[in-house]
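Residue numbers (the numbering used here), protein chains in the order written: chain A, 1 to 433; chain B, 434 to 749.
Watch out, some of these pointers could steer you wrong.
[Stated by the list, open to error] Derived lysine to any residue pairs resembling SDA-like cross-links, with alpha carbons at most 25 Å apart: (1) B:Lys506 x A:Ala188; (2) A:Lys349 x B:Leu671; (3) B:Lys506 x A:Asn218; (4) A:Lys197 x B:Gly507; (5) A:Lys419 x B:Gln669; (6) B:Lys546 x A:Gly97; (7) A:Lys193 x B:Ala504; (8) A:Lys3 x A:Gly408; (9) A:Lys259 x A:Val299; (10) A:Lys56 x B:Glu563; (11) A:Lys197 x B:Tyr508; (12) B:Lys533 x A:Ser186.
Rather than coming from a laboratory, the hints here were simulated on the basis of the structure.
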Amino acid sequence: MVKKSRIFIFFIVLLILGGIMSPTVMNVAKGINLGLDLQGGFEILYEVEPAEDGKKITDETMQATVSALNQRVNVLGVSEPNISIEGENRIRVQLAGVEDQQTARDLLATEADLSFRDVDDKERLSGEALEENGASVGFDKSNQPVVTVTLKDADKFGKVTKDIIEDYSYPNNRLVIWLDYEEGDSFAEESQKEDPKYLSAPMVNKPLYHKNIQIEGNFDIQEAEFLAEVLNSGSLPVELQEVYSNAVGASLGEDAMEKTIFAGFVGIAIVFLYMLIYYRFMGLIAAITLSVYIYLVLVIFYWMEGVLTLPGIAALILGVGMAVDANIITYERIKEEIKAGKTIMSAFKSGTRRSLSTILDANVTTILAAGVLFYYGTSSIQGFAVMLIVSILTSFLTAVYGSRLLLGLWVKSRVFNKKPGVFGVKESEISEL
Amino acid sequence: MSSNKEKRFFHFVKHRTKFFLISLVGVLAGIILLATVGLNLGIDFESGSRVDILADEPLTEEAVYNQFEEAGKGYVPDDVTLAGENRNMASATFIGTLTKDEIAEIQTYFNEKYGKEPSVSTVSPQVGQELAKNALVSVLIASIGIIIYVTIRFQFLYGVAAIVALLHDAFFIIAVFSIVQFEVNIPFIAAVLTIVGYSINDTIVTFDRIRENLRFAERIKTFDDLARVVDLSLNQTLTRSINTVLTVVFAAAALFFLGGEAIRSFSFALLVGLIAGTYSSMFLAAQLWVVWKWKSMERSRKKPKKKDPEELEPEV
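Based on the provided sequences and hints, a complete structural model is requested.
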């Protein structure tokens, strides 16, 4: 007696799955954050060194540096900046999808240490004299962008300018404004260059008791905004040394992504085809559960706001292989049980039950390896590990339970009773009980 | 494919010495290769800089050298290799690390030339060493974790045999990379670790069947009894092993042939490891286990000698 209702339920389930998956899959796929290796961007590992000799790097300085970097990165409008402390004195910055990589790099690395010096490079006023958040962009009479900074104390600046006039005569009565002055930089040398390192070197003709100082550095509007921004987000208490960097051009990233996704489609198509040919009806069930698997992995990845990297895509495709394995283990078991002379129904029952512990043991060990990868890996490898773990857990759900449910509906409908050929088993292979 | 012929029964255990020899020769060859040819270490482990250029026209090595000469203050790459179907990709490596400003110069130059920003990565010597160390440590930790898990779920002997197979596979990949001289980079390590996971997965499926058959087997008295159980288990899991490795190989091969430059060495490592993994779980792990298991059975039989002398009677 055939129970048609089960088959009916099977098709209902199929319709519901298709109804949920097909309209949403594109949105989910587009909503996933792409790693910098796919959309371009860069990753830098900085080693943090004290800005002045003798100072030590403490947890507080590290925290302060990270928050200063975070503020600066906000200016760039990067959607998912990732700045984290690594070890005792390292900071990893990952900016995916940043459009102007060079400005971003400059923005990050500058100490934002403004200093006012005389022509002999002696510091007259340090950045500490600046009012917090006091920098802004303005325009001078000829409509040239300038940066205005606010000092805490007008008298101090008055004294500095007075000293300059007393100490130097024309044309050396200058106050040189430096950003990130480094030991060895000299005004005499830089002033000969077309593009000097200092910002500007205005002449001082009378003592200036002002709080607001205009810096005219032949800026374009972007440069002016950049300078105001770094001055406002605070100077870094430290010096940042790049020890590792990885910058990916946007088109190279796109190229890699397109190729990998195409390769994935081809690979998965071959797997489906193979399963269909070898396992017949069970292969069809496997193809259905594998499609659900891919969809679920994408959804879960989207929910956990994971970052998809190139190795991550590889893990997803590889996961298909692993998910297929769970199917294969189960189907081989069922075939064996049928060959041993069991009815389709009882072969299905004992086959699914017996294969479960095998699949469990095999998957736990792979998760172990993936966990270690996650713990020890750098960003793109971590993307791989996360994807692998998500894949394995999901494949367990779909390949074991999904497969069992869908196949179970058909088996319990009894249409396949005495039809071992549907499962790829020939009558002659069945041993008599 | 499922045939209506009587399924062939392979006697694996009988040939175990050959398998051991093959693996031994392979490992020795690998050691010699590593000692002489060595690996083509990427900058991830060696420190240095690497610039990947995507052009809109086919490139030649000479052209790339010339372009670097023109860029900014002029650069001389230590090595240039071309890639891509139309040879429109090039990667140039530098021994030293490029500074931020140098990177900016190079990026600006190629961006203006081809409208596509090149990728630039730099690794300082210190970080390179750490990456290499981390890679090694992670393989070790994964191995220990797996040994513990397998010992708990199965038995210590299974665990040790599985680890030998696993290290064999990892080493095999490294040896093959020494032959083909593909670049060894961070994704390569990911591939090796994936294979570690896969290889163990494969071995476990076989061991699981051995354990099950051992439970149902009648009393094991001779080595041949034990060998029969192992052969039976291997034959039973043979189709599964082949089918699984085939499907994963399909996926890995698609990635290798179509997946683009960035993951080529990654997917190649996977391909090699998959094949090694299947070989080692059937021909190495199970065979080692049968030899060791028999030895430990003999040993435990000798102990209760005085109490139960009949047990010792050889059956042959």
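For each hint, the structure was consulted:
Annotation: proposed proximity of lysine 506 of chain B to alanine 188 of chain A holds, straight-line Cα distance about 23 Å (limit 25 Å). With a CA separation close to 22 Å, the supplied pair lysine 349 of chain A and leucine 671 of chain B stays within the 25 Å bound. This hinted pair checks out: lysine 506 of chain B and asparagine 218 of chain A have alpha carbons roughly 24 Å apart, not beyond 25 Å. A C-alpha spacing of about 21 Å is found between lysine 197 of chain A and glycine 507 of chain B, which places the hinted pair at or below 25 Å, so the restraint holds.
At roughly 23 Å between alpha-carbon atoms, lysine 419 of chain A and glutamine 669 of chain B fall within 25 Å of each other, so this suggested pair holds. For the suggested pair lysine 546 of chain B and glycine 97 of chain A, the alpha carbons sit about 21 Å apart, so the restraint of at most 25 Å is met. For the suggested pair lysine 193 of chain A and alanine 504 of chain B, the alpha carbons sit about 20 Å apart, so the restraint of at most 25 Å is met. Among the hinted pairs, lysine 3 of chain A with glycine 408 of chain A is consistent with the structure: their alpha-carbon atoms are about 12 Å apart, no more than 25 Å.
Pair hint lysine 259 of chain A plus valine 299 of chain A holds up; C-alpha atoms about 22 Å apart against a cutoff of 25 Å. Restraint check for lysine 56 of chain A and glutamate 563 of chain B: satisfied, since their Cα atoms lie roughly 23 Å apart, inside the 25 Å limit. The straight-line distance between the Cα atoms of lysine 197 of chain A and tyrosine 508 of chain B is roughly 23 Å, inside the 25 Å bound, and the hint therefore holds. For a cut-off of 25 Å, the pair hint linking lysine 533 of chain B to serine 186 of chain A stands: about 21 Å separates their Cα positions.
Violated hints for the displayed structure: none, as all numbered hints are satisfied.
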